[in-house]
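This is what each chain is made of:
Protein chains: 2
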Amino acid sequence: MSRLENIGDYIIPPNHADPRLTRPVEGFDHFGNPVEIRVVEERPLTIFLNSREIVTAMTIGDWPEYLALGFLRNQGMLRDDDEVLGVDYDEEIDTVVVRTARETDYEEKLKKKVRTSGCAVGTVFGDIMEQVEGLTLPPAELRTSWLYRLASTISRTPSLYLEAGAIHGTVLCERDRPLVYMEDVGRHNAVDKVAGWMFAEGVRPEDKILYTTGRLTSEMVIKTALMGIPVLASRSGFTAWGVEIARKVGLTLIGRLRGQRFVCLSGEDRLVRDADPAAVPEEPRKARRKSAREAQDE
Amino acid sequence: MSRLENIGDYIIPPNHADPRLTRPVEGFDHFGNPVEIRVVEERPLTIFLNSREIVTAMTIGDWPEYLALGFLRNQGMLRDDDEVLGVDYDEEIDTVVVRTARETDYEEKLKKKVRTSGCAVGTVFGDIMEQVEGLTLPPAELRTSWLYRLASTISRTPSLYLEAGAIHGTVLCERDRPLVYMEDVGRHNAVDKVAGWMFAEGVRPEDKILYTTGRLTSEMVIKTALMGIPVLASRSGFTAWGVEIARKVGLTLIGRLRGQRFVCLSGEDRLVRDADPAAVPEEPRKARRKSAREAQDE
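These protein sequence lines are chains G and X, in that order. Quick note on my numbering: the first sequence kicks off at 1 and runs consecutively. Quick note on my numbering: the second sequence kicks off at 1 and runs consecutively.
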């Protein structure tokens, strides 16, 4: 293969080699023979904001600080201008405490509206829909050549997904370069870890592209829009309401991105069709194996 | 094909022909040509228990009464012996109100522990782990011939999944017969609808098998165990903690069930290996198409 040069170019690549994130599990196969399978870990992480316990998330366990920051940010509990005094992770008791200069007290908020359940961590539904109400994403360019190159690079990047399956990936990209590749048992954790990294590093969202392995549901679209990222792409499918919200906030939504194929469901105006689809190869054997894995570990 | 006779034998089959559950969405393909794709709906449903608003779930919208009952049941807010005075669904304002003879007030509970996020509706984490602590599932028999027949029947059953993708399925089974096939945008909604049906109909769990298209995470295992169902099977993968909890509560866990293949990860003692795997055909072309769909719409 050519084009492999991009694969080492991440700011944060997947933690596929971290032994703490997977574990060999014993079982018996269809013939009754003992087998050992490497599977992803899943452990609780309780997130505190100042003195308040906010949530216990089930996570593979890497980047707990980014997960905490991103979760609080995406729930609207941490503001853009909040001064974070500390993020303390205690591995022994699986907790992260985020401390802010501003006094916070989010118990009331959580008490009222609770959670949505579209295969997702809950979002404070009423509030979130209100925020999306006034939102319009900035203009941006999206070249189809970037899309194809991103999909190709990401699918060939060594990851926990390729190693052990049963996991979702979210990748923050700029033009044709994937920057940060986060994985977790839930799609939303992976996105939250990206959001936490962006918040911690003060990264601008306007020129970014978010790629996810998961389905494009309303919650995923809303989360991306609230993060200020104008483009969301996935190799998976989408729901009707996800498309509707994307159109409402002016988010460019790309679904079923595989090989030369994709569907642009919203924000077609941002698309610069500079690549000839016919010149893009179908998914290579490796990616097809990946597809089989995905099917297996949906 | 032979063995198609089973396919019409459901008490509740998938609502694949219900026009309210899908919608044509317009987009542009990779060549820039307009395309129209049928996708699943996703709409909010707010569940009330007596005078308290409990949750807003994102759902495809079928069986709202079962979803409400099952959600409340699986959250421990509706007890086995609770007398339900009414379940009122109002389509206009997307709400279901469940009324019980017993007075309930679950605001306090929700305020404290909030939600997990392993691609899931939240469970009241601390409480749930406490419940699992003392739980042991009853003995049961599981023949491998049933597993193979169930997998074959379910994969050939017309469903929203086969029609539009981007959806999860959960099937309640008894021996080799699938009884109730529920689908939804989130795995947990589909399971909750099954639980709601069981609660409404007073169905016994001890001799049942739960089949899901989704991954076997800790939350899915806990939910199945709390429902009292001793066997959980999936064509997808699993997490380490899901396996650990299954072993703890004595739940038989079957993963990666495809064609002649599967892995038994827990409760091997229940398994009666009465089928010769070598005699089971590999997945038929149609199921392989289904796998491709799954990959696409993970």
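Keep in mind that the hints were calculated from the coordinates and are not lab data. Only a predicted model underlies this, so the values are computations on that prediction, with no experimental measurement involved. A few of these clues could be false.
One copy or two, it doesn't matter: identical chains are merged, so the pair holds either way.
Unchecked claim - Capping the alpha-carbon separation at 20 Å, the derived lysine to any residue pairs in SDA-like fashion look like this:
#: 1; residue 1: K248; residue 2: E41
#: 2; residue 1: K248; residue 2: F28
#: 3; residue 1: K248; residue 2: N33
#: 4; residue 1: K248; residue 2: A278
#: 5; residue 1: K248; residue 2: D269
#: 6; residue 1: K248; residue 2: P24
#: 7; residue 1: K248; residue 2: E36
#: 8; residue 1: K248; residue 2: Y106
#: 9; residue 1: K248; residue 2: A140
#: 10; residue 1: K248; residue 2: P44
#: 11; residue 1: K248; residue 2: R23
#: 12; residue 1: K248; residue 2: L137
#: 13; residue 1: K248; residue 2: L226
#: 14; residue 1: K248; residue 2: T46
Query - Within, between, both or neither, where K248 and L226 count as close if Cα-Cα is 20 Å or less - result: within (13 Å within a copy, 41 Å between copies)
Query raised in the report: When no copy is specified for K248 and P44, does a C-alpha distance of 20 Å or less occur within a copy, between copies, both, or neither?
Result: For K248 and P44, the Cα distance is within 20 Å only across copies (17 Å; inside one copy 35 Å).
Query raised in the report: With identical chains treated as interchangeable, where does the CA-CA distance between K248 and A140 reach 20 Å or less: within a copy, between copies, both, or neither?
Result: within (16 Å within a copy, 52 Å between copies)
Query raised in the report: Between K248 and E36, at a C-alpha cutoff of 20 Å, which is it: within one copy, between copies, both, or neither?
Result: between (48 Å within a copy, 19 Å between copies)
Query raised in the report: Is it within, between, both, or neither for K248 and F28, if the alpha carbons may be no more than 20 Å apart?
Result: For K248 and F28, the Cα distance is within 20 Å only across copies (17 Å; inside one copy 50 Å).
Query - Within, between, both or neither, where K248 and T46 count as close if Cα-Cα is 20 Å or less - result: The answer is neither: 34 Å in one copy and 23 Å across copies each exceed 20 Å.
Query raised in the report: Given identical chains, is K248 near R23, meaning Cα to Cα at most 20 Å, within a copy, between copies, both, or neither?
Result: between (43 Å within a copy, 17 Å between copies)
Query - Homomeric proximity label, K248 with L137: Cα distance no greater than 20 Å - result: within (10 Å within a copy, 48 Å between copies)
Query raised in the report: Between the shortest in-copy and the shortest cross-copy C-alpha distance, which are at most 20 Å for K248 and D269: within, between, both, or neither?
Result: Close inside one copy (14 Å), not across copies (54 Å); limit 20 Å.
Requested in this report: Tell me, please, which holds for K248 and E41 at an alpha-carbon limit of 20 Å: within, between, both or neither?
Outcome: between (38 Å within a copy, 17 Å between copies)
Query raised in the report: Under a CA distance limit of 20 Å, which applies to K248 and P24: within one copy, between copies, both, or neither?
Result: between (46 Å within a copy, 17 Å between copies)
Query raised in the report: How do K248 and A278 come out at 20 Å by Cα distance, when the copy is not named: within, between, both, or neither?
Result: neither (32 Å within a copy, 53 Å between copies)
Consistency note: the structure conflicts with the earlier hints numbered 3, 4, 8 and 14.
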